[in-house]
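Counting in numbering that gives the first Met the number 0, the sequence shown runs from 0 upward without gaps.
The hints are simulated quantities; they were obtained by calculation from the structure and are not laboratory data. Small disclaimer: the values here were computed from a predicted structure and weren't measured. Quick reminder that beta carbons are idealized off the backbone N, C-alpha and C, glycines included. Wrong hints could be hidden among the right ones.
To be verified - Okay, the calculated beta carbon distance ranges per label pair: (1) 72 - 109: 19 to 25 angstroms; (2) 49 - 109: 31 to 37 angstroms; (3) 113 - 49: 36 to 42 angstroms.
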Amino acid sequence: MPPTEGAPSGDAELVLRPGTVEDLPAVAELYLRARAAAVPAIPPVAHPPDEVRAWVAAWDLGVHDLWLAEYDGRLAGFALVTATWLDQLYLEPDRTGRGVGSALLGLVKATRPDGFGLWVFESNHRARSFYRGHGLVEVERTDGSGNEERAPDVRMTWSGS
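I would like the entire structure built from these sequences, with the hints used as guidance.
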């Protein structure tokens, strides 16, 4: 997929680009805003903001691919991916429903043609519907005992192209 993708009409051009270590502080702040805005559809973050910032700052970009979505140089969303997992996909709260998530997920699918999996909170009906609408299938449910939030979750997979 090319690094640039057209944005919905009326918006500046959406640019998708690889993230770098220098981007991690902005990614951490977006993560905190997105998680806070999503409550109660998802549980609150299990750690204080400074711990979240340290966790994001420690992401190994040699093991993970970090993709950023930007409008006019401003971060609108990000995806963090391993060889087989979409670990994180978050958007600025005011950018949901505007094609940013679809562009990021499309990029993940293009770079992971053999498929990948992800976990989503069971209570996050909007995200589950988004992923189903993009061809992912729910394959496992848990009671949440394996995640920090202790909230039921769903494993979804995309089998590849």
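Taking the earlier hints as the rules, which of them does this structure contradict? Violated hints: none; all satisfied.
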